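Residue-level listing of the chains:
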Amino acid sequence: MNEPELHGMNDSASLERGYRRLLACYPKAFRRENEEEILAVLMACAPDGQTRPSLEASIDLLKGAVRLRLRPRAGQPRTVFAAVRLMWAGALAELAALITIIATAGSVKAAVMHGYPSAAGSVMTHVRVDEVGMPIVIGVWLVLAWALNRGRDAARFGFASFFLLTTMSMIIAMAQGDAVYAPADVIAAAAVWSLALAAVVLIFLPASNRYYRQEAPVLV
Amino acid sequence: MQEATFLILTALAAGTQHGYGIISDVSEISGGRVKLLAGTLYTALDRLRADGLIGVDREEIVDNRLRRYYRLTPAGEQRLAEEAARLQAHATAALRRLKVNLNLNLAGGVA
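Heads up: the protein sequence lines correspond to chains A and B, in order. No gaps in the numbering here: position 179 of the first sequence is 179 in this note's numbering, and each next residue is one more. Heads up: take any position in the second sequence, counting from 1, add 1000, and you land on this note's numbering.
Any given hint could be a false lead.
Straight line, CA to CA, 35 Å or less: simulated DSBU-like cross-link-like pairs of lysine-lysine [as the list claims (entries may be wrong)]:
{"hint": "1", "chain 1": "B", "residue 1": "Lys-1035", "chain 2": "A", "residue 2": "Lys-28"}
{"hint": "2", "chain 1": "A", "residue 1": "Lys-63", "chain 2": "A", "residue 2": "Lys-28"}
{"hint": "3", "chain 1": "A", "residue 1": "Lys-63", "chain 2": "B", "residue 2": "Lys-1099"}
It should be emphasised that the hints constitute simulated quantities derived from the structure, not laboratory data. Since we're looking at a predicted model, the values are computed, not measured.
Using the sequences and the accompanying hints, generate a full structural model.
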């Protein structure tokens, strides 16, 4: 006899589940502070019988999530915010280079076999090393970006060491004459290296220091 | 300052309000033109709180749901007053020039 009411309960439960799924896109700290309250407002705005989030509200919620994730964290200096974005760009550039290497491996092999058959072995070893090594490098970029974003002081020194290694490997590559036989490779490496240089400078600026020298690390 | 932010601060200028109250008030202030959605409202409230322009006045549980009341801080009042004065100065300038134009046109029409 309570059927209509039961239906109503199911409707609102499924609507609430839909909204919670959308709110899952928001940063954790924001959800802890605001989720229940936003849900109350969303449910209050929904007309009776609505079973799923409206398209308009869904787009607005997703836009809010993107806006929050692109905005600096509370108390984060602009320099750190910029450095972390540069590091994301660095990881993306490495990924693009990796995809290019994998996609062109076949034609590179054919060209080398044709022009310099004796060098084919060493070139293909180089390609294979890149295929294994670059995902690791991309991972390092991302982990360090994550830690630097959260104010971990150790990550600053981790990134500085990573930058030194990158610089050294570039100097070695230049010494081996990469610039002559693989100019595109060197240009790509130089572009990524400039991103790393800019990020290193930014995180060691005085404006960034106060973010990394707080008493307690910034969690969440 | 974005229009939504300006209207949210204006809604709070009259007294404390909760989220749903702000949405209805903003709709009223703007003559039904601006309908705030939850995502826009809460990203704006989050930013305004972080900037110290608004604060949480109190929390209540109504029908098992959290209801949080917000209020304007002194810094928020000052910021809203500055922004309102700026918009008013622009609007006054625009209206004055339109009036001059209108008068010229009228004068031209008569002559």
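Structure-based check of all given hints:
no. : hint                      : in the structure
1   : Lys-1035(B) <-> Lys-28(A) : holds, 27 Å
2   : Lys-63(A) <-> Lys-28(A)   : holds, 16 Å
3   : Lys-63(A) <-> Lys-1099(B) : violated, 41 Å
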